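Participant: Below are the chains, spelled out letter by letter.
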Amino acid sequence: MKKLALLLAAAGLLAAQQFKLNLDHLATKASNAVDLSLAGPTLRLAARFLDTSDPDEAKVKKLLNGLEGIYIRHFTFKRDGEWTQSDAEGVRVQLKAPEWSRVVGYKSTEEGENADIYIRTQNDKISGVAILYTGAREFTVVNISGAIDLDSLADLSGHLGLPKLEQLPGKPIRKLD
Amino acid sequence: MDLEQELYQALTRKDPPPGFADRVAAREHNRHGGLPTRWLAFAASVVLLMGAGAAWRQHQGEVAKDQVMTAMKITAVKLNRIQTHVREIRQ
Chain H
1 MKKLALLLAA
11 AGLLAAQQFK
21 LNLDHLATKA
31 SNAVDLSLAG
41 PTLRLAARFL
51 DTSDPDEAKV
61 KKLLNGLEGI
71 YIRHFTFKRD
81 GEWTQSDAEG
91 VRVQLKAPEW
101 SRVVGYKSTE
111 EGENADIYIR
121 TQNDKISGVA
131 ILYTGAREFT
141 VVNISGAIDL
151 DSLADLSGHL
161 GLPKLEQLPG
171 KPIRKLD
Chain R
178 MDLEQELYQA
188 LTRKDPPPGF
198 ADRVAAREHN
208 RHGGLPTRWL
218 AFAASVVLLM
228 GAGAAWRQHQ
238 GEVAKDQVMT
248 AMKITAVKLN
258 RIQTHVREIR
268 Q
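Taken in sequence, the protein lines are chains H and R.
Residues 1 to 177 in this note's numbering are what the first sequence spells out, letter by letter.
Residues 178 to 268 in this note's numbering are what the second sequence spells out, letter by letter.
The set of hints was computed from the structure by calculation and includes no laboratory data.
Computed from a prediction, not measured in an experiment: that's the story for all the values here.
Heads up, some of the hints might be wrong.
[What the hints assert, rightly or not] Below 30 Å or equal to it, Euclidean Cα-Cα: the simulated DSBU-like pairs (lysine-lysine) are:
#	chain 1	residue 1	chain 2	residue 2
1	H	K62	H	K20
2	H	K20	H	K96
3	H	K125	H	K96
4	R	K191	H	K61
5	H	K96	H	K62
6	H	K29	R	K250
7	H	K78	H	K29
8	R	K250	H	K62
9	H	K20	H	K78
10	H	K107	H	K125
11	H	K20	H	K107
12	H	K107	H	K96
13	H	K107	H	K29
14	H	K125	H	K62
15	R	K250	H	K125
16	R	K250	H	K96
17	R	K250	H	K107
18	H	K61	H	K125
19	H	K29	H	K96
20	R	K250	H	K78
21	H	K20	R	K250
22	H	K61	H	K20
23	H	K78	H	K107
[Unchecked claim] Calculated Cβ distances over 10 Å to all of chain R for the following chain H residues:
#	residue
24	T52
25	I72
26	R79
27	E82
28	S86
29	S101
30	T109
31	D124
32	T140
33	V142
We put the CB at the ideal spot given by N, CA and C, even for glycine.
Please model the complete structure; the sequences and the hints are all you need to start from.
Facilitator: In structure tokens:
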């Protein structure tokens, strides 16, 4: 019975998570590692505890509306070269058309940083966002699953103590129905 | 009756009158406002468990909220840096 419950829980997790994040080997090398797998029930519970009188929390609460999951692997390292291109490729290879399309991509050889933003569409509606951000000593993957309001997501940069920036380049920001 | 006999009668073991045990139990019952002690203990346990459950739920909610805020902060920081770089490239 317990095994069945665990299997069902794992199945539920995989259903919301839109691609695999097999990056556990990086955690052993990282000086800091953040591993967040927040499925729908956790997001709904968190939403009940967010204070709408706080501007930051109100923004996040609005964004949580319609989300099915947030999955993040974030690693920082003390030395260069702790992660490999195959780690990044293991993520990129899963983010392929027709489900996924890359809306932003940049490579900075000077700073050794790469970033890609992908969106997932189903029936002409955005159903997921993936961010792959790598630096010489950093490796970050974000998967936000569900009906995302990209206006709110882009607006996050103007909150949580960060300076306000323009809209995401690439595709025009549009609201979901 | 001499003193010795009076003492003997006074100290001789006697069975309690019929119904004594029931009367004592009834008096104890009345002393707790009609509720037996075991029910009071049960009620106290239920209240304690409910309080603990509410506190645990509160704790879970606060943890979930902290995790969501951390997730959003990481996402926002990445978006911010990506947008900054893209804007620099465009200029």
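Participant: Compare the structure with each hint and give your call.
Facilitator: Each hint tested on the structure:
1. K62(H) <-> K20(H): Distance of about 27 Å is within 30 Å: holds.
2. K20(H) <-> K96(H): holds (13 Å)
3. K125(H) <-> K96(H): holds (17 Å)
4. K191(R) <-> K61(H): violated (78 Å)
5. K96(H) <-> K62(H): With a Cα-Cα distance of about 29 Å, the restraint between K96(H) and K62(H) holds, given a limit of 30 Å.
6. K29(H) <-> K250(R): The hint holds at about 23 Å.
7. K78(H) <-> K29(H): Holds. K78(H) to K29(H) sits at ~9 Å (cutoff 30 Å).
8. K250(R) <-> K62(H): Roughly 15 Å between the alpha carbons, so the hint for K250(R) and K62(H) holds.
9. K20(H) <-> K78(H): holds (26 Å)
10. K107(H) <-> K125(H): The hint holds at about 28 Å.
11. K20(H) <-> K107(H): Cα-Cα ~23 Å, so holds.
12. K107(H) <-> K96(H): holds (19 Å)
13. K107(H) <-> K29(H): holds (24 Å)
14. K125(H) <-> K62(H): This hinted pair holds, its Cα atoms lying about 18 Å apart.
15. K250(R) <-> K125(H): Given that 30 Å is the threshold and the Cα spacing comes to 25 Å, the pair holds.
16. K250(R) <-> K96(H): holds (27 Å)
17. K250(R) <-> K107(H): The given pair, whose Cα atoms are some 23 Å apart, holds under the 30 Å limit.
18. K61(H) <-> K125(H): Satisfied, since the Cα-Cα distance of roughly 21 Å is no more than 30 Å.
19. K29(H) <-> K96(H): holds (29 Å)
20. K250(R) <-> K78(H): holds (22 Å)
21. K20(H) <-> K250(R): holds (22 Å)
22. K61(H) <-> K20(H): Since the Cα atoms of K61(H) and K20(H) sit roughly 26 Å apart, the hinted pair holds (cutoff 30 Å).
23. K78(H) <-> K107(H): holds (22 Å)
24. T52: holds (13 Å)
25. I72: violated (5 Å)
26. R79: Answer for R79(H): holds, closest chain R Cβ roughly 21 Å.
27. E82: Per Cβ check, E82(H) is outside 10 Å of chain R; nearest 19 Å; holds.
28. S86: Non-interface label stands for S86(H): nearest chain R Cβ at 21 Å, farther than 10 Å.
29. S101: holds (16 Å)
30. T109: holds (12 Å)
31. D124: D124(H) is indeed farther than 10 Å from all Cβ atoms of chain R, at 23 Å.
32. T140: violated (6 Å)
33. V142: violated (5 Å)
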